Each structure stands twice: as structure tokens, then as C-alpha cells.
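Protein sequence lines correspond, in order, to chains A and B.
Numbering of the first sequence is given in my numbering, commencing with residue 1 and proceeding in unit increments.
Numbering of the second sequence is given in my numbering, commencing with residue 215 and proceeding in unit increments.
None of these hints come from the bench; they were simulated from the model.
For clarity, every value in this text was computed on a predicted model and none was experimentally measured.
All the given hints hold, so there is nothing to weed out.
One side only, chain B facing chain A, incomplete, derived with CB under 7 Å:
hint: 1; residue: S289
hint: 2; residue: R294
hint: 3; residue: N326
hint: 4; residue: I331
One-sided and incomplete, this derived list gives chain B residues near chain A with beta-carbon spacing under 10 Å:
hint: 5; residue: N288
hint: 6; residue: L293
hint: 7; residue: I296
hint: 8; residue: N306
hint: 9; residue: K308
hint: 10; residue: E311
hint: 11; residue: R319
hint: 12; residue: N322
hint: 13; residue: N333
hint: 14; residue: R335
Glycine is no exception: its CB is placed at the ideal position from the N, C-alpha and C atoms.
The primary structure of each chain is shown beneath.
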Amino acid sequence: MGTNQPVEKVYIDTNILVSYALGPNDDDYLRAKNVFDQAIRENHIIMVSNFMLTEALNTLRNVITEDKYQSLVHGVTQTALIAMADSVEFKKVVAEESMTSFSNVVDLMTKDAQHFKFEENTKYDGVIFQNFLALLSGLFGIFRVYRFRCDKCEQYNPCQTCKTSSSIAYKAINAPDLLHVQIAQTLGCTKFVTMDKGFGAIDGIVQIPITVLQ
Amino acid sequence: MSSLNCKLDSLVPQPSSFLQIMANFGQLIGNLLNDVYGKITKPLEQFSIGSMFIQTEEIQRQVLGGSFGTETFNSRLNLRAILGLSASFEDNPKAIEQLSGSVKRATNRKTNVTRLIRNMRDYDGY
Numbered sequence: 001m002g003t004n005q006p007v008e009k010v011y012i013d014t015n016i017l018v019s020y021a022l023g024p025n026d027d028d029y030l031r032a033k034n035v036f037d038q039a040i041r042e043n044h045i046i047m048v049s050n051f052m053l054t055e056a057l058n059t060l061r062n063v064i065t066e067d068k069y070q071s072l073v074h075g076v077t078q079t080a081l082i083a084m085a086d087s088v089e090f091k092k093v094v095a096e097e098s099m100t101s102f103s104n105v106v107d108l109m110t111k112d113a114q115h116f117k118f119e120e121n122t123k124y125d126g127v128i129f130q131n132f133l134a135l136l137s138g139l140f141g142i143f144r145v146y147r148f149r150c151d152k153c154e155q156y157n158p159c160q161t162c163k164t165s166s167s168i169a170y171k172a173i174n175a176p177d178l179l180h181v182q183i184a185q186t187l188g189c190t191k192f193v194t195m196d197k198g199f200g201a202i203d204g205i206v207q208i209p210i211t212v213l214q
Numbered sequence: 215m216s217s218l219n220c221k222l223d224s225l226v227p228q229p230s231s232f233l234q235i236m237a238n239f240g241q242l243i244g245n246l247l248n249d250v251y252g253k254i255t256k257p258l259e260q261f262s263i264g265s266m267f268i269q270t271e272e273i274q275r276q277v278l279g280g281s282f283g284t285e286t287f288n289s290r291l292n293l294r295a296i297l298g299l300s301a302s303f304e305d306n307p308k309a310i311e312q313l314s315g316s317v318k319r320a321t322n323r324k325t326n327v328t329r330l331i332r333n334m335r336d337y338d339g340y
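Work the whole structure out from these sequences, hints included.
Structure follows, in C-alpha cells:
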């Protein structure tokens with residue numbers, strides 16, 4: 001890489017950061033790792049937005065809650081779950097573990113000036129939401145059919161009452177997705193990288209090139 | 215009350231006037247002491263603990279901020295302050311590698327964060 005070549009400023013989606021920090025426990029860890037390896041190899045700057053960090057904290061809280069749920073024995077009753085959800089101790093454990101993890105991530109990123117850059121008093125144009133609306137008006141997502149699946153044992157089972165086995169849902173790029181893209185553009189990023197295939201629908205429509213990791 | 219009475223009141227010292235004199239005297243002494251105290255302590259102010267703390271932080275900002283670049287250093291410092299992380303930190307270009315799997319203890323099971331975030335964006339959080 002020549003020294004005069006402009007530095008690539010890459011905006012990473014939240015899924016890439018959290019997957020990388022979670023390590024091999026995440027299904028997509030290796031794909032996420034490639035982004036960071038490339039940043040090291042080619043001296044990319046990874047732009048970190050406050051919105052992405054906010055979402056990362058929320059994701060870690062979800063990950064840890066899910067982990068606690070999955071660690072329960074099978075056959076756990078609703079009453080037992082409600083008691084757990086209402087307990088101060090459970091809330092404290094999830095809050096502390098997620099905050100420790102999140103702080104650890106931020107601690108490391110803020111120490112690395114060569115690879116990470118953070119927002120500094122960024123001004124956002126209110127017109128961005130108008131642009132979202134215009135963009136969404138011209139797009140239509142897809143319908144997807146999902147088989148009913150138990151969140152606990154992850155087995156697919158039809159409803160015992162009505163015997164229906166699946167549900168239908170409308171899936172499309174939505175407000176938070178577009179907000180990430182708009183932030184990336186405002187921060188002057190040259191590329192938006194995500195592991196979410198849904199972003200493929202707007203690649204070429206928005207200004208910033210979108211890379212969906214396969 | 216006649217006008218004569220009024221004049222006499224102003225000429226003859228009243229108990230309230232005595233108190234007023236004492237109060238003025240007290241204020242005078244107070245001002246004098248403040249002035250003396252200020253003259254003694256002002257040259258020492260730069261050595262006070264609070265001031266030294268501010269100076270240390272400023273030096274730290276200049277030294278560490280220099281290696282990060284002032285703008286980016288401030289944004290990092292603000293972010294760390296929100297999370298209660300130490301204001302004293304050094305540039306570490308290897309941190310990006312250390313980030314890999316740094317919070318693996320958060321879960322003992324296989325996760326799919328991309329799917330989780332998709333669900334959050336679609337249903338839960340918005």
C-alpha cells in the first residue's frame with residue numbers, strides 16, 4: 001500500500017463488533033474477524049458511532065439474558081421465570097456482567113488510536129429522516145415464513161392448540177438500519193460493512209458502498 | 215411624635231447604634247483578616263492539592279492527547295468518563311487484536327449476534 005493512498009474509513013455494523021468481541025462463541029466470529037484483520041493489514045480506520053455503541057450495550061444485555069435463560073433446566077415454569085425476572089439479584093447480575101463486558105470493549109477500543117476513531121461533536125442534519133422516508137417509500141421488503149421453534153430446546157413444533165406450524169412476517173430495511181447508514185455517511189466513511197444480508201437491498205441506492213459479508 | 219423628639223433621638227446614642235458600631239467594627243476586622251489571609255495564601259494556591267490535580271490532568275491531556283491527537287483524545291476521554299473508566303490510558307495499537315474474544319465469558323453457548331440484532335431492530339427495541 002502506497003503511503004499517499006487515502007486511509008479507508010470503514011463503518012462497522014454493531015453485529016461485527018459484538019461478534020468479534022464474543023469470539024468463537026458466535027456463529028459469525030470468523031467473518032467478523034476478517035474485517036478487523038483487514039483493518040490491521042491495510043491500516044483502515046474503523047469509525048465508531050455512539051449509536052453503534054448504544055446498540056452494542058443493548059445486544060450484550062440480550063446475549064447475557066439469553067445465556068442465563070438457556071442455562072436453566074428444561075421444564076422451567078412461567079411462575080419460576082417471572083420470579084427470576086422480578087428478582088433484584090437477577091437484574092443485578094445481568095446489568096453488571098453486561099456493563100463489565102461493554103466497558104472492556106470500550107476500554108480496548110479507546111486505547112487504539114491507530115485503528116479506531118470516535119465521534120466528536122458530530123452535527124446531524126434533520127433532513128436525514130425525510131430521506132429515510134423517501135427511501136423506504138420506494139422500497140418494499142419481503143415476506144418470510146418461519147417455523148415455530150421453542151426458544152429453550154430450539155426444536156420445531158406446531159402449536160398444540162391450532163396445529164399451525166409456521167408464521168409469516170414482513171422483513172425489510174428499517175429505521176435503525178437506515179440510521180446506521182446515514183451516520184456512516186455523515187462521518188465521512190468510505191464503506192459500510194455488515195453481516196446482515198438485509199442491507200443488500202439498499203446497496204447501490206444509498207451513497208455509501210455497502211459490503212455484506214458472506 | 216414631635217419634631218424635637220426626633221432630633222434628640224438622632225443625637226443621643228441609642229442601643230441599636232451601639233450594636234451597629236460593633237457590627238461595623240467586626241466587619242472591618244473580618245475584611246482585614248481576609249485581606250491578610252489572601253496575601254498569605256494566594257502565592258501558595260498553585261501548590262494546593264486541587265490545583266495540582268487540575269495541573270496533572272492538564273499535563274496528562276497534553277502528553278497523552280499528543281499521541282492520540284487532541285480531538286480524538288477528548289472524544290475517547292468523554293466516552294471513558296461515561297463508563298467510569300480510568301482517565302489515564304496509553305495508546306495501544308495491539309488493542310484491536312486483544313478485542314478479539316475479549317468478552318467471550320459473556321456467554322457459554324453458541325450465539326448468533328447478527329440474528330439477535332436483526333430481531334432487536336425488527337421487534338424488540340424499536
